[in-house]
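Numbering (this note's numbering), first residue to last: 23 to 684.
In short, the hints are calculated from the structure, not lab data. One or more of the hints may lead you astray.
What the hints assert, rightly or not - Mimicking SDA-like on lysine to any residue, the simulated pairs with C-alpha atoms at most 25 Å apart in a straight line are:
(1) LYS202 with SER392
(2) LYS217 with SER392
(3) LYS111 with PRO201
(4) LYS242 with TYR146
(5) LYS400 with GLU337
(6) LYS291 with LEU648
(7) LYS242 with GLU337
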Amino acid sequence: MKLLKKLLLLKIHQIHFNVAVQRPWISIRAVTCVVVLVLAQSILQGTGWSKQTLNRGKLWATLHNSLQYGDPTEIVTAFHGLDYPGYSKGPDIQDALNYIGAGGYAIYGVRNGVEYAYSLDTRYFPSGEDVFPVEEMLMTTNYNLENPEIKGEQVVAGSHYVYGVEVEIRRTSRVWSYPKYDDFIIHEVEITNKKFSNLTDLYFGMRYSLLFTVRSMSRKDEKYGWDGNHNLFYFYDDWSFNWEDESPIQYNFGVGPEKGDIGDSRDIKEPNSKEHEFDAPAYFTAIVLDSVGSNVYQNILEYGSKSGETNAPDEDRIFIHSVDEPARFKEVMSHQQPRMSWDEARDAGGEGGNKYERSPIFLLSVGPFSLAPYERIKIVFAEVMGEMDRARIVEGGIENLNILSTVSYDSLMKNVAAAKQLYSQDLLPEIHPPPTPTNGENSLTITSEPGYMIIEWPEIPDTYLDPILNVNDFEGYRIYRSAYFTIGPWDLLVDIPKSFAEITDGIVYYEDRDVSSSIGYYYMVTTYDNDGNESGKVNNNRFPVYPTVPQNEEFPRNVYVVPNPFRQHSGLYGTGERYRIQFLGLPGKAKIEIYTTAGDLVQKIEHNDGTGSAAWGSIANLDYQLTKWALGVAPGIYIYLVESMVPGHEGESYIGKMAIIK
Numbered sequence: 023m024k025l026l027k028k029l030l031l032l033k034i035h036q037i038h039f040n041v042a043v044q045r046p047w048i049s050i051r052a053v054t055c056v057v058v059l060v061l062a063q064s065i066l067q068g069t070g071w072s073k074q075t076l077n078r079g080k081l082w083a084t085l086h087n088s089l090q091y092g093d094p095t096e097i098v099t100a101f102h103g104l105d106y107p108g109y110s111k112g113p114d115i116q117d118a119l120n121y122i123g124a125g126g127y128a129i130y131g132v133r134n135g136v137e138y139a140y141s142l143d144t145r146y147f148p149s150g151e152d153v154f155p156v157e158e159m160l161m162t163t164n165y166n167l168e169n170p171e172i173k174g175e176q177v178v179a180g181s182h183y184v185y186g187v188e189v190e191i192r193r194t195s196r197v198w199s200y201p202k203y204d205d206f207i208i209h210e211v212e213i214t215n216k217k218f219s220n221l222t223d224l225y226f227g228m229r230y231s232l233l234f235t236v237r238s239m240s241r242k243d244e245k246y247g248w249d250g251n252h253n254l255f256y257f258y259d260d261w262s263f264n265w266e267d268e269s270p271i272q273y274n275f276g277v278g279p280e281k282g283d284i285g286d287s288r289d290i291k292e293p294n295s296k297e298h299e300f301d302a303p304a305y306f307t308a309i310v311l312d313s314v315g316s317n318v319y320q321n322i323l324e325y326g327s328k329s330g331e332t333n334a335p336d337e338d339r340i341f342i343h344s345v346d347e348p349a350r351f352k353e354v355m356s357h358q359q360p361r362m363s364w365d366e367a368r369d370a371g372g373e374g375g376n377k378y379e380r381s382p383i384f385l386l387s388v389g390p391f392s393l394a395p396y397e398r399i400k401i402v403f404a405e406v407m408g409e410m411d412r413a414r415i416v417e418g419g420i421e422n423l424n425i426l427s428t429v430s431y432d433s434l435m436k437n438v439a440a441a442k443q444l445y446s447q448d449l450l451p452e453i454h455p456p457p458t459p460t461n462g463e464n465s466l467t468i469t470s471e472p473g474y475m476i477i478e479w480p481e482i483p484d485t486y487l488d489p490i491l492n493v494n495d496f497e498g499y500r501i502y503r504s505a506y507f508t509i510g511p512w513d514l515l516v517d518i519p520k521s522f523a524e525i526t527d528g529i530v531y532y533e534d535r536d537v538s539s540s541i542g543y544y545y546m547v548t549t550y551d552n553d554g555n556e557s558g559k560v561n562n563n564r565f566p567v568y569p570t571v572p573q574n575e576e577f578p579r580n581v582y583v584v585p586n587p588f589r590q591h592s593g594l595y596g597t598g599e600r601y602r603i604q605f606l607g608l609p610g611k612a613k614i615e616i617y618t619t620a621g622d623l624v625q626k627i628e629h630n631d632g633t634g635s636a637a638w639g640s641i642a643n644l645d646y647q648l649t650k651w652a653l654g655v656a657p658g659i660y661i662y663l664v665e666s667m668v669p670g671h672e673g674e675s676y677i678g679k680m681a682i683i684k
């Protein structure tokens, strides 16, 4: 009720102002009665804290009308903070290339000589004593920029009110799938003074608690660089160190002895690893595209505890809402980090270059402003990322790690330039590729057949016109395939000129016959025009699809397990397939029971899809080699029993052995 009363008074106050200025002949008392009845009903129906996920480009983010990112808990896991490249969550919510541990904002201002300040990020829940939601977070989809009046392929917007400073903050965020523009998110932050009095000395900043990455869970090892051409700080993963003496942590395997855990290579923690992928290869920055003519401040602080306990120097200590005085907010938000890299600051002495900044919060602030009653300003920010080619990221190794810093940095700066260019063009791309054949993960139709795969999608209609050229310049389709993961790396499987496409009832049909029954595949289809402009890569399947193995007509002969023995790794290339064990030569319907040599039942598998193969678990359920108690299976010798359930063949069975070596 306290919140309801505050909101009622706020809205009545605003409407009184509008009525007095625009319609002075109307009774204020009458207006008040109507407003109370209508607004109370609206509030009680509930505008709440809400979120939407931007997932059209390569950079994914779950954004809230509180201006938080990801999941408002201890760390961003269940939703998307700044995931790059992004993909939807599976059973393992830690499996995300998420580059922030928390994200939010800070604000400071003076009203009638009194200072006010507020800050919120992902680690805190918004309190009704400080803020309340005004506008639900809503998503507008405009795939392939079908409506040229809507700027962006996905646009999300929502707002909330902040007590003390008495402003409404509304954020509108936009993304694109076009290959030149799919590595950044552009945010427009509108701040409206909701009181009759002036708001002066106003500062607003976005804050990012960097963690490269959630997937690798490597902490406190980031570094930053300075780019004078673009006037920005950028951040990247570096070598972890011991906190007390700051000596580098030693790693004995893979690239570890020479490069430590720079880039978080997967091969540094165990000998003879078959996985070499870098789990933190990307570079990140945030920039201001429009400061409304005011100053831009870039400050790097420590990502410390929620209580604010730290031994960091004062200039590296973030403010804590309800702990620090407003003056501390202004001090931090108007402070300029020395324009040099972490390493340069370390060598120079003085501010920066210390261990506390290896766990950084990047605070990007704009100010000061003065707002008259009900005046509004709009500040424009962008989050930008870049990385080296994903094939090199997955290949890993010293050679690729040696060029990572150069290639990922160059990619980041190219994307920064693209974000600035797009904003200078009023958010309108200068070219338009043909439409994406389908939209979003798992939107292609992929069918598994014995020895081949079928990929299908709707054709691009003859009525398509390029929105700039006003001609149908569609030229053909490209199918990409990966045997590794849903984000690639991708190989071009086939280029299909439109005149060669096999189309039935408006559906394009293609058979991929160069497949192996033991490999899971990912597919993606794009379009291109006669100038070579290609659509975004947006329709990949999230989990691998395996070619069908025909049922064994000679069962119980020719039954086997692969790999057998299982030696630490399945030998399969794909991400998440390390523990895959497959039973082959099965009847179309059977039950499989796995026992210890002592006769204890370990797991039972029901096989009824009419094929001749079944796996012990799946990547989709994250249950490879799990027992019936959902525990990992121990090394040893196991007995497996396959019993046919095919009508007329019930009771036919096969008993075999398999070994698991870990």
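Hint-by-hint comparison with the structure:
| no. | hint | verdict |
| --- | --- | --- |
| 1 | LYS202 with SER392 | violated, 37 Å |
| 2 | LYS217 with SER392 | holds, 13 Å |
| 3 | LYS111 with PRO201 | holds, 23 Å |
| 4 | LYS242 with TYR146 | holds, 21 Å |
| 5 | LYS400 with GLU337 | violated, 28 Å |
| 6 | LYS291 with LEU648 | holds, 23 Å |
| 7 | LYS242 with GLU337 | holds, 18 Å |
Figure legend: structure checked against the earlier numbered hints; hints not met, in rising order: 1, 5.
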